[in-house]
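Trainee: Here are the chains, one letter per residue:
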Amino acid sequence: QKEVEQNSGPLSVPEGAIASLNCTYSDRGSQSFFWYRQYSGKSPELIMSIYSNGDKEDGRFTAQLNKASQYVSLLIRDSQPSDSATYLCAVRGSGYSTLTFGKGTMLLVSP
Amino acid sequence: DAGVIQSPRHEVTEMGQEVTLRCKPISGHDYLFWYRQTMMRGLELLIYFNNNVPIDDSGMPEDRFSAKMPNASFSTLKIQPSEPRDSAVYFCASSSRWSRQETQYFGPGTRLLVL
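Heads up: the protein sequence lines correspond to chains A and B, in order.
Residues in the first sequence are numbered from 74 upward in steps of one, following our numbering.
Residues in the second sequence are numbered from 88 upward in steps of one, following our numbering.
The hints are simulated quantities; they were obtained by calculation from the structure and are not laboratory data.
Note that CB positions come from ideal geometry on N, CA and C, so glycine has one too.
Honestly, I wouldn't trust all of these hints.
Said to hold, decoys possible - Derived list of chain B stretches under chain A, where covered just means 3 residues or more per stretch with a C-beta under 8 Å from a C-beta of chain A:
(1) 119-130
(2) 193-200
Claimed, not checked - Calculated cross-link-like contacts (lysine to any residue; reagent style SDA-like; alpha-carbon spacing at most 20 Å):
(3) K115/A <-> M126/B
(4) K176/A <-> L133/B
(5) K176/A <-> I113/B
(6) K129/A <-> T190/B
Next up, chain A with everything else stripped away, as it sits in the complex:
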């Protein structure tokens, strides 16, 4: 049974701070890792993907992957109230297999 674990939160940060979201996964053979953002009442949308160990930066977002520790994180710099949403971590095994989603972490950014 593949599992993806996230702290449900809410994670509360003030505007302008760095938000750090974490995710662990059980399948050591996992190859691809994704962060989706889901606003309340809306559908998930992809914001970051990462495939190899290390950091990947895209604007204010940085994804970090450590396969040895089976750990993925998402950093959001200069957090804005518009970043308030639930962030879903998703993991894919080898080849074109399906995604396993965590239950998500709710982020609240206060002005």
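Given chain A, work out where chain B should sit, using these hints.
Mentor: Relative to the frame of chain A, chain B by itself:
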């Protein structure tokens, strides 16, 4: 492109009734996924298709659930008979094996309430 289209957006029905959810994937995408999302269980994969063929339906909770994809531009998820515990948001997503990130694009979802 209009993105993934789902209908209806909201459905309220009574226990025992048949419910049919519809999905039109993004044109050219060869994978289609049906998910269910609840607070308790999060986002769960129910079934997925590749080139209109069901590949894995192990997530379908019971025989009351069935899904079809008669052509590349249309899929249905049917619940018969429906039960209150089926109340959830049902998402359809599509992707292309040949896109760079193999991103799954989600539809707006169908919010189902079974009374």
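Trainee: If a hint holds in the structure, say so; if it doesn't, say that too.
Mentor: Against the structure, the hints:
1. For the segment 119-130 of chain B, the stated coverage by chain A holds: 4 residues have a C-beta nearer than 8 Å to a C-beta of that chain, and at least 3 were required.
2. As drawn, the segment 193-200 of chain B meets chain A at 4 residues by the rule of a beta-carbon pair under 8 Å; at three or more, the given contact holds.
3. Using a Cα cut-off of 20 Å, the hinted pair K115/A and M126/B holds, with the two alpha carbons roughly 14 Å apart.
4. Simply put, K176/A and L133/B have alpha-carbon atoms about 16 Å apart, close enough for the 20 Å limit, and the pair holds.
5. Between the alpha carbons of K176/A and I113/B the distance comes to roughly 26 Å, so the proposed pair goes past 20 Å and is violated.
6. The hinted pair formed by K129/A and T190/B meets the criterion: a straight-line CA distance of about 17 Å does not exceed 20 Å.
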